[in-house]
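K.L.:
Both chains are sitting in their own frames, so use the hints and assemble them into the complex.
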Amino acid sequence: MSPPLGALAPRETSRETIARARMRAALIPDLLVEAKRVANNVFAGWHGRRKRGIGEEFWQFRPYVTGENYSAIDWRRSARDDNLYVRDQEWQAAHMVWLWVDESPSMLFKSIDAIVAKQSRALVLAFAMAELLARSGERLGWLGVSRPVTSRHAAERLGEALLSVPPQTELPDAVHLRNFADVILFSDFLMEPELLQRKLGAFVSQGARGHLVQIVDPVEEVFPYAGRVEFRDPESGERLTVGSAQNLATDYELLFGEHVERVRRLAHSFGWSHTLHHTDRLATQALDSLYVHLTETPGVA
Amino acid sequence: MLGLPIAFAYPLVLAGLVALPLIWWLLRLTPPKPQAEMFPPLAILARLIGKEETPAKSPWWLTLLRLAMAALAILAMAGPVFNPETPRLAGNGPVLIVLDNGWASGRDWEERLDVARQLAAEARDTDRRVFIVETANPSPDALEAMEAGTATTRLDALENRPLEPDHSAAARLVQTIAERSAPVSVHFLSDGLQHAGTAELAEAIALADAAPTLARPSLEGLSALAGVRNDPDALVGAVVRPAGADRGQATVTMRDIKGLPLARRSVDLPAGSDAVAFRFDEPVELRNQAARVSVEDAANAGAVHLLDERFRRRLVGLVSGEAADGSQPLLSPLYYIARALAPFSDLRRADDANLTSAIRELTGQGVSAIILADVGNLPDDASQRLAEWVDNGGMLIRFAGPRLAASPGDELLPVRLRGGGRNLGGALSWETPKPVAPFDETSPFFGLEAPREVLVTRQVLALQDIDLDRRTWAVLDDGTPLVTAAQREAGWIVLFHVSSDASWSNLPISGTFVEMLRRVVSQSRSSGTQTVDGEPRSLAPLQTLDGKGRLGPPPANTRPLALDEDNARAASVDNPPGLYGTEDGFVALNLFGQSVRLAPLDTGIFGGANFAAYARDQAQPLKHFLLAAAALLLLLDCLAVLLISGALRLRRAGSAAGAAMLALGLSFGLSDSAYAQTDEDGFDFSAALETRLAYIETGVESVDAVSRAGMYGLTQFITARTALEPGEPVGLDPETDELAFYALIYWPISVEAPLPSPETMARVDAFMKQGGSILFDTRDQVNGLTGGTAGSAEALRLQAILSSLDIPPLEPVPPDHVLTKAFYLLDRFPGRYAGGDLWVEAIGEAREGEERPARAGDGVSSIIITSNDFAAAWALDGSLRPLFPTVPPDPRQREMSFRTGVNLMMYALTGNYKADQVHIPALLERLGQ
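Heads up: the sequence lines are chains W and R, in that order. Just so we're aligned: 281 in the working numbering is position 277 of the first sequence, and the numbers increase by one with no gaps anywhere. Just so we're aligned: 788 in the working numbering is position 234 of the second sequence, and the numbers increase by one with no gaps anywhere.
Quick caveat, the hints were computed from the structure, so don't treat them as lab data. From a predicted model like this one, the values you see are computed outputs, not experimental measurements. Built from N, CA and C at the ideal position, the CB exists for glycine as well. One thing to keep in mind: the hints can contain errors.
[As the list claims (entries may be wrong)] For each label pair, taking beta carbons as the anchor points, the in silico distance ranges come out as: (1) W:G275 x R:D1191: 54 to 62 Å; (2) R:A563 x W:V226: 51 to 59 Å; (3) R:L1190 x W:L12: 37 to 45 Å; (4) W:L12 x R:L1188: 53 to 61 Å.
[As the list claims (entries may be wrong)] Anything over 12 Å on all C-beta distances counts as not near chain R; from chain W, calculated: (5) G10; (6) R26; (7) P170; (8) L286.
Excised from the complex, chain R in its bound form (with noise of 0.2 Å):
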């Protein structure tokens, strides 16, 4: 249209560009005529707005303005669109689109994917059939033609993989489709590089078709990783771009497991450079959590890099000599190599006192390194298992004690020893303790400071020997050796002098220690062992990489991987690149190894063949943009109206600000609102946060009243007299409520309230299990007929309670118990009633002899049972008065009885704190005072 290149979708709709003049005879008409008034105190008026006059007709270029609005309303329903699509088949027949959909086409495939479903789309026009060949899947399928429409839903469904394309396999579809439906039209979306077996494909498509189409895209910001390795000392690898590239640069990102960037190198490529290196030197705990190393913005399968174990820390095995012993870990030979290794390595301890079969199953887990921690003898058969896994690469840590200088002779030492030891600066030496003399170059440990403040006073002594200083990798000052080593086949050997805990030397306690530690075993090889007893192993699918190079779940088809002696694996549309194996190890499959040359595709071999680009459909709708600039009028049309008319004044704008504000102050209301539903279980904050006095709710009124006024009193009793000072007391439902914030729980027991289900019996149980007292209180001491109070109906409503809970042993307090002490010294604990005992936990039989507390450990009584009722003793009102006589009425028994509520609240919060006052007896008794 008018030489301009655009198009539109409902030309129809431009017929309204005939109502304009109507249009514009309508605005003509505006404003209307005036309302005329009779108005007496005019002048007055007039005063005000002196002698202005509106016309009577709208300004020529309000008018202008609206016809224009009305007119890109108009051009905008008609849908104009700039560049209109250029059709792109060519040819006759039915159309074969061959579509690159390997790793390199991941920036682009939309673009790609586009450019074919226009070629669907056309095809459907012309009612040509469609054949699909995916170079990355080269299926049979491809041989069937479909409908244009089935193939643009094909199309839809397509994605492109993070493979290799593999042109010859196309070029064979290419070839049979060739021969049974010639002539075909071919359109090659390639990718733009040459992939092998690109020539057979040339021939094919020239077969085919002798002018076929050929799409090749920009090959500017592609780029591969190849060569990625984790070395000791830095993690290493390649950028690799086409051949022939342009100056550029790349951000490579090292990530952890989670997709977390740990480090980020920017690299510079030079132009022409097809492969440039880049290092990351980052600490070794650092680089260990790599897990994926990736251009940024690359978008393609072959930029990404995934590590495994393989690069990450190596497997240690730990073996002691000596009887696992949990209760005194600070002694366990293990305890400092453990602590040392545990930053860079996993370890793997034996679980087995068995040393033969603690080590088949070390060496069976592939372990890098295996320490043996004053292990003297070996048996026979583990002594020979660990050489051979030596022998095959493995490195052996020892570490001398008693148990190894008692048994020197043994085959998997690095030197041959004297028997016995060398005690340095004891009783019967004089010798002081020998320190670390500096590293020589030639041991693995130079360049550590050597740690002048270790002390070895005891150590094992290597024989005389031909190549001993040749085996020595740290020495003490007398020169005798502290570490040495020997190479065994492909293993190492390595022993330790001393010992691994504290007793023979501080050097275990010493930082130098961690340092050695990790250089030994970063000498040691990484083994993924991939064969169990010989079998490949397969390994499952975990996370594999899509088109665009980002891990996500692998796709339902993809296949087990398995892995072969010689690990020779390579991605395919089975296996795509990813990661293999479970969570705790698995092995990464990369579409690229140690190298990767990317050649640009050569254009020579397709001869005759018409090159196009992948134009992004440059088709611009521009209905958007009119609609826009209507809107944008309109806009201005209000903003002329209201300057015309007057209203546009400050007054106004004052009053529009006001309501900007009325506007922010509701929004911050309802974010305050947000805030408000946040703090819902504000009541368990407050429990968590303040000791509160808790009372179960009976649901029984008079009951629950008293024990609210009784945990009140009680509470102001303990704020005056300790160092506690509760918060409010708090009523508890055992059914609905948490009951894991209170120490000790009131529960006064009432024949009229519910008996609980048994879900909250299990909540209750588990609140006495997990630490936290319950005081019931049957309330019926005076009931009782003989003082007792066995049989009353509170006693049964408490053993019916208690009847689904497993209740150990009770017993009265006995006299030598914590609570007669655990504030105030007591001897009987009344409540309202003074008769009734106080149940506890029975602490068990005293042995002969011995004191009772003394074994109570640090369990404070799950439960305590009394019939005192003691909430109507601490019941106080408002004004601090008591609300219930006691009985008998003697204002010392309430004393006593508020002294029996402070210690209940202390024996449930510090436990056995008072129970070593047993001992003050026997501890004066012993002073001789």
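Okay, chain W solo, but in the shape it has when bound (with noise of 0.2 Å):
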């Protein structure tokens, strides 16, 4: 009897992908939020916003106009002419990211085609986000784990964090969610897409802007198996025996891709993007395209 094509990886920690995560990040560029509709707020952040507001590089020298605080002024440019200016900053301003991991028992799952399980390269993808993110000087949070922090650090306070708290498997409520916050969610999304759709929902009611991630291992995708089978649902416990798996592959290829396909339109229905991504594949992939959906002005306002 050949070795089972898939079993559960044992939990890894944020300790080990941190390092892992950081080796990733290296990678990409710098990433600065895409914040169009992201209103003032108080917290400041490292990178302009190509407008006015506070910050500490120069923006733009303007007229003065009659009320404004003279200490505005900039009397070296003002001592050109007979106008008075004002010197404006620009709007440098940090972005609140919020990340979450599904750690659910499903996520441990590797098959032989998988470099790592799903949990381990979730948590690469979202402590590597969490490295980019805080490079730019985001402020970043774990959703019902950690508030919101910024520093150059984020990564490590945020495994910190992570470690004094259980496996998260189920996705927390939108309670801590602010205006115009980001939200990026590691999963498998195997979940009832009803239930996936009222929680999503309610992040959009907090108009939150969001980031799918679906993480499949090769083996949920292609069904590989032939021959008579008993399969096992990690979550549930659930057996299920088939008399001869090679010929249930095409049917169940359709219905897996079927499901990928709702999640993604259940995604687009809000105006979030979706990346799915393969365990066989390297976690760079899936920081790329997150990058670009991350830094891209979202399709739908």
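P.N.:
Okay, here's the thing in structure tokens:
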């Protein structure tokens, strides 16, 4: 009897994954979350928003308007001619980004085709994102675990926080969310699409912009099983015996593709992005596409 | 075993049944434990198949099925036999097998042989010696006892013979054996019929063995043919069956010499009737083709009756008083007679103009009738010979004519004739031509429609005589005889009072003439002369019947058939029934003559015998049935497994159908390639179906390219200017390609080309002799120093090529040759060069004042030689531009060159069609124009 094609991998902690995440993140240029819709907020970030606001970098000189604070006048410029000029700084504001990684038992699955387990890959991706975003001075939080922090070492701090709580198996409710935050969810999204829709709907109603990263083991997609196979669900423990699994492959692949497609359509209906990632691919690929999604203007406003 | 009549050939194999529980245990193990797999998207998978749960063990009925399969296989390997053979051999001492291997055994010969083989096998097992007496071939060899093994070999080679069993001779053999080596155990394998001498055989058997075993077959379906005759009106005969046979039915078929059925009759055989007549009243032409009459499915030699020449067409000799004139066949006196007789008679024409030898030759050939067309004076010798022949039953048919009318005093005439003849409706006569009166009831022509359209303008007249009426078969309207006949000893003399051509009357060209001749000829006796100058003739066997009544090559020991005076011939071992003679003339020897009686075997004379049937070996091996059942179960098992695994779904069926379609397509593809094979000589077909210009490929590329372009150019020109539309020109290799399809072949002479082999030249010679023409082109006109081409390299090469051919004298095309006007009017034949002559076969010296081409016949000159390089002048490129300039450069010369080509092609295709134009000046002159 041949060894099984897939098994549950041991749960990986944030400690082990952060180092790998750093390596991945090092390959990606600085990330500036596109934030046109972002309202003024008090948290300062590192990156200019290409508009007037509170910041440290020079943005423009403009004529002084009566009623403004005198201290705003840039006398050196004003001395050149008869007008008074005010020196405007570029608005430098941080954006709030919430991360979340599904750590349910199904995420621990790793097939022989895959490089790592889904949970491991999800953590790496999340921490790599955290590293990238922290580099850009964004405020980062972990849904249901940690409040937002702004730090160059946000990844470590989030990891520390994650170690102190039990594994996150359920998508938390959108309680801490503020307006115009970004949410990045890493999961296999094998839950019922209706449940997912309800939960995501709550995020959307708080004005969040989201990114779903669906992590899939290759075995789950191509169904390479043959012969008589007893399948077991790692979460519910249900069993299912199939006489000749090879005959189901085409039908199963269709159904699974349909499921992925439903998740994708759900995301797009909210104006969220959806990234499908396979654990037999390199993490960098998912990072790349996530990078693109985060920096681009959302398709649906 | 178990009271059932079943035995096993290899009972030890049954021990394999012990293994069944093991198999059962093995079967219970399956299916294998499923592979355990962790699978997160189980919910999705579950949606696909629901809560299907295959049991870990196969269902009990599947196990049972497989066990049954194994059991069946084991049983089959043990070789079960249903109804195993029971021993037949009885008594003790040597075994004597008396075997009826005559004609009546044909139907069930194999069964009989099986019984004999079984006896021999049992004798071998019990170590007894065997005698075999064949009743149809009772030879003294039978007196030697054989080892049983030898006997089996002997039986394997034994065939039944198409002969009547000779029980008397067999009785003597049995008696001798009984005296020498009693006690013997006698087994008489009879054919169920009483033959001459059966009583003696019974006595001899009783002497040898007090309790012999007698096997009798069922006589059902046994039939023979007797009394088959091809009468003038029908072919008749009788189906003979053993006395007291049940009601039945037989199909009698008449076949021609190739064995193809001509006609079929279904004959109802009422119960108790032993001979039922049948009748084929097909047209005589059809019946005359019959070579064989047989009872279908009878499979014995007695049920086949062979017909020979005696039943068939009459042999008619033709003699004409006129010298044979092949050039005007329609005027030959024999023409209409031959045409009228040919469908139902074989004609023998006298080859010799000498009447005496002609008649001797014909009478020697055994003709039934001799026709003398307008023979007046017969030489004494011939007359005497004819009279003798008529006395012996010959039919002499004479036709009047100028010669007969001139010398009417002849012994061999049915009536006395008046000298001269009678002209009706001539310029010097008041009378009109007379039609034929309706035929009298006493006339053999009665029943024929009197041909009213027939008019007689001239006849010979009979002198009044006392019995002229009696001798008259047909009269004209005015009562003058048209056909008279008289019997002379066994034969007849018939006189048609008109000539056999259409000059005296139009009777010979009417349909009635055919009927009249047929009736006359069918009155003649069919004669087969069996003696040649008094010596008995002996005929080599041609084909003989075998024991099953099939015609085939004669066995090696068949002897020639000696024909004695009275034709008494009987089939024997040396002369089995069949055809003797040659393909052209043969005599049929049949088993039964005019009548035969078949009596069932009288069992009463075999006192104390045990009777047995020819129970066909009832032993029925069951092995293949069991194997088939096991295979069926295997199929069921496969089906069940597929069903259980859920693999048997419609989608799969679809793919299976696809595979079937693929296979079908493949097979079509294969058959396509098979068609392609039959098309391999497509080249020749296309050549035959389309007229093409052809040229010889010399092998020198530059020359061949010019030839190709030239033929192409000429093809274009001919298509544009004439009604002829030749196909693509074709280059020929005279060594391999068939030349016969082309009327004209262009052959450029090149010094560089290899000289054709003698075989090739033989082909070319045959092509030229069969009417093809070859245009040789030496292409050297400008090279010749003096304008002439003699002595140039190409001319020498042409001489070398033609040296092996029979070349007639040649001449330059004379001004009145057909070539000058076959299509265009031409007076010279230029090619690329203008100076050379065109040479053709010399027609011959014209006689004084005679126009030449009128004597040319249809002969197209088979050889045409030029030096003007035609192909270069004709050569056109793809856009129809000339490839070579003419020398001198003159567009008119090219046009004339093309016209020369057209004329050559027309000349080759139509021959002397235009030759008669030479008469036009004379005709115009005669018309006074």
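K.L.:
Work down the list of hints and note, for each, if the structure agrees.
P.N.:
Structure-based check of each hint:
1. With their beta carbons about 59 Å apart, G275 of chain W and D1191 of chain R fall inside the hinted range of 54 to 62 Å.
2. At about 57 Å, the beta-carbon gap between A563 of chain R and V226 of chain W stays in the expected band of 51 to 59 Å.
3. A C-beta distance of roughly 43 Å is found between L1190 of chain R and L12 of chain W, which places it inside the suggested range of 37 to 45 Å.
4. Our hint of 53 to 61 Å for L12 of chain W and L1188 of chain R is violated, since their Cβ atoms are close to 43 Å apart.
5. With 12 Å as the threshold on Cβ separation, the claim that G10 of chain W sits away from chain R is violated: the shortest Cβ distance comes to roughly 5 Å.
6. With 12 Å as the threshold on Cβ separation, the claim that R26 of chain W sits away from chain R holds: the shortest Cβ distance comes to roughly 29 Å.
7. No beta-carbon of chain R is positioned within 12 Å of the beta-carbon of P170 of chain W; the least distance is around 20 Å.
8. Against chain R, the non-interface label of L286 of chain W holds: every CB pair exceeds 12 Å, the least being about 22 Å.
Hints 4, 5 from the list above are not met by this structure, while the remaining hints are.
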